[in-house]
Amino acid sequence: MKVLSFTCVLFLLLFTTTPATEAIAKNYTKVSPARARTHVALTVTQKVLGIDVAILTALYDAKNLATGEYGTILNANQKDVVVQAGDVIWLNAFLGFPFSIYYTVTEADIASGIIRVAFLS
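Heads up: the sequence shown is residues -22 to -1, 1 to 99, going by mature numbering (1 follows the signal peptide of the UniProt record, and there is no 0).
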């Protein structure tokens, strides 16, 4: 009688609840909702004698590796880049010399509207 009761309870649980794999495992593969890219000003500086000196925009390229778009010049010290959080910007300074860095955009950068990157500091 105990075996029959146990079997009935087991079948009842199997057919009325969610599968054990679904109940235990969490869905880590959820796709996050699409985020719009936004325009942000990019400033590249270098510390000289303790003072941040802005590098002129004509001396470096800024490329968003996620989209392949290059930044456009806003003024002598800033470039306009279209980014979202998590994008990586490749900065190649000094007209093609092998001085380049990769910068990952954060939520704080987007919230402030300005990305400040210290180059060779």
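Quick caveat, the hints were computed from the structure, so don't treat them as lab data.
Take the hints with a grain of salt, since some may be wrong.
[Said to hold, decoys possible] Label-pair restraints from in silico Cβ distances:
id, residue 1, residue 2, range
1, E47, R94, 15 to 25 Å
2, L(-19), A63, 51 to 61 Å
3, G64, T(-16), 13 to 23 Å
4, E85, L(-19), 25 to 35 Å
5, A86, I51, 18 to 28 Å
For every residue, glycine included, the Cβ atom is placed at its ideal position computed from N, Cα and C.
Do the hints match the structure? See the list:
1. E47 <-> R94: 15 to 25 Å: For E47 and R94 the Cβ distance comes to about 20 Å; the hint holds.
2. L(-19) <-> A63: 51 to 61 Å: At 58 Å between Cβs, range holds.
3. G64 <-> T(-16): 13 to 23 Å: With a Cβ separation near 52 Å, G64 and T(-16) fall outside 13 to 23 Å, so the hint is violated.
4. E85 <-> L(-19): 25 to 35 Å: 59 Å, violated
5. A86 <-> I51: 18 to 28 Å: 24 Å, holds
The structure does not agree with the numbered hints 3, 4 stated previously, though it agrees with the rest.
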